[in-house]
Every structure is written in structure tokens, then in C-alpha cells.
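Protein chains: 2
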Amino acid sequence: MMEITTKFKIDQPTKEVFDAIVNPNKIGNFWFSSSSERWEQGKMVTLRYDEYEAKGVITVLEIQENKKIVFSWGAESGEGTVVTITLEDLDHTSTKIEVIESGFKEDDPEIVNIMLGQKGGWVYMLSCLKAYLEQGITTLRASLIH
Amino acid sequence: MMEITTKFKIDQPTKEVFDAIVNPNKIGNFWFSSSSERWEQGKMVTLRYDEYEAKGVITVLEIQENKKIVFSWGAESGEGTVVTITLEDLDHTSTKIEVIESGFKEDDPEIVNIMLGQKGGWVYMLSCLKAYLEQGITTLRASLIH
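Chains as they are written, first to last, in my numbering: chain F, 1 to 146; chain U, 1 to 146.
Among the clues, some could well be false.
Because identical chains cannot be distinguished in the list, a pair is counted as satisfied if it fits within a single copy or across any two copies.
With a straight-line cut-off of 30 Å between C-alpha atoms, the simulated BS3-like cross-links for lysine-lysine are [unchecked claim]:
| # | residue 1 | residue 2 |
| --- | --- | --- |
| 1 | K26 | K9 |
| 2 | K15 | K26 |
| 3 | K96 | K9 |
| 4 | K105 | K26 |
| 5 | K67 | K15 |
| 6 | K105 | K55 |
| 7 | K7 | K26 |
| 8 | K43 | K7 |
| 9 | K43 | K55 |
| 10 | K55 | K7 |
| 11 | K15 | K105 |
| 12 | K26 | K96 |
| 13 | K105 | K67 |
| 14 | K67 | K9 |
| 15 | K7 | K96 |
| 16 | K55 | K96 |
Source of the hints: derived by calculation from the structure; they are not laboratory data.
Please model the entire structure based on the sequences and the hints provided.
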């Protein structure tokens, strides 16, 4: 089973972590530059990365308020994966966030490099999310050089 | 060639980035809890991670002041690798830092998981280093859950 799991502890309630991801007014502080609209189940949302001159469309497969976000992306390039973000309330003031990206193609000769790139991306996104939610820092993102 | 390369841009001069890594009074702000002494060529240095109840010894193979740090680690577990950290001055106020970890064993059945773990670790360390040097944030580290 080719998947990547990344887990972080963030010292903020689950609703703050959830909202940072689905709210298009917040995502630019720690992840993509912009999100075309609020993430809701069944929606297709366009994400832009101005710094890398990139954009992509995600399909939001499932939303459980303050608990779970599932989306697919990358289908247009033939390398589609599914991302499952789960939020676990630890003590009403902190959250365990788990990101699982699955569906990588085992027979792709570039599979290891692709997975390493995605792993780095998730750790970076979660570091930036933590810095944003705990400290209000919005300048960590977009400094990973490809 | 099994190696992992991770590159970041940090908005601080190379000497600040270099000192944060080799100076035992600074490392606890963004990476390990402690370093037994200043990193100098030929030295063996003990690094502790109190949060994970772990420690390890590195051998500093090469130091070029403000430019390069090369060390080996993990030999005691039979999974030794070499880490080469290179600092490139961009404009006297910012630095491109590149970390290459090499020497992973291709025939290890756990090779992909090991490399994914290390990749995540490097992106996390560099995120924490950037937050520390640019913003003085020392609370990002040790929140990646294994």
C-alpha cells in the first residue's frame, strides 16, 4: 500500500485547524497562495501557488466539520492521489492532525522521488500551519526550493 | 544513488545560519534538545532529543566556516549515512541552504520508509531553523508525531 502518513501536534482547537484549511481567507497564510472558494463536500476548488507559477484543482470528497477533510487531486496529470486529513481533539486546546496521501502508482519508475517530494511538502505545510496558528507567522511558506 | 536533497531559502546571512547549527547554545531552539559541544572538524558530538528520549553521536568530517558542514551519523545502528550541508550566500542578507543525506542502503527492505522519514525530518528541521532565525520562534520543533 503506497501511502504517506504525516502527523503533527498543533496547540490550537480542532475548529481553528479545520477553518485554516477550508477557509479561502486563511490558506494563503501557510499553504497555497489562494483557494477559489470555501472547501465543501462535492466542490471542485482551484488552488494556486503563485510563487511556483502552478495551479491545480482538487475535488472535495468528504467534509466532517472540525474532524475530517478528504480530497483528490492530480487526476489530470495521471498521478491522482487521495488526501485524508483527520483532526483529533486532544484536550480542547490542542489538536493532533494526521495527513494520509494514498494512491501512488507502485509501478511508476519515479515513485520514490514523487513520494519524497510529497512527504517533504506535507511536513512543510504542517510546520507552516503550526507557526501560523500558534504564532501568527505567515512568512514561512514558499521557501522550499525545488 | 540513494540520497535525499532538501533546499531552503532563509532570509539571514550565511554566518547566522552556520552558527545556529554548530553552536550548542542555539541548536535547542530549532532542532535537537542539545549538542555536547561546538561542531568542529574531526570532533565527535553527542546530540540529544529529550522529547523522543533519543540520543546519537555524529562525527564531524568537514567544516568550512559559513560554507559547509559534513558529518556522519547512525553507524552504530548499521544504517550510517553522511550529511552534507552547504550554505550559499545569495545577497549578503539571505542564504540558500542545501542538505544532502547520502549512503542509504538500497537493499534494505525498509529503505523507502527510512528515506521518507529522513526527508520529513530535514524539511521540518529547515522550517524550524527558518522560523528561529527569521522570527525568533523556538516553539516549532518536536511536534512531529512518529
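Violating hint indices (sorted, rising): 4 and 11
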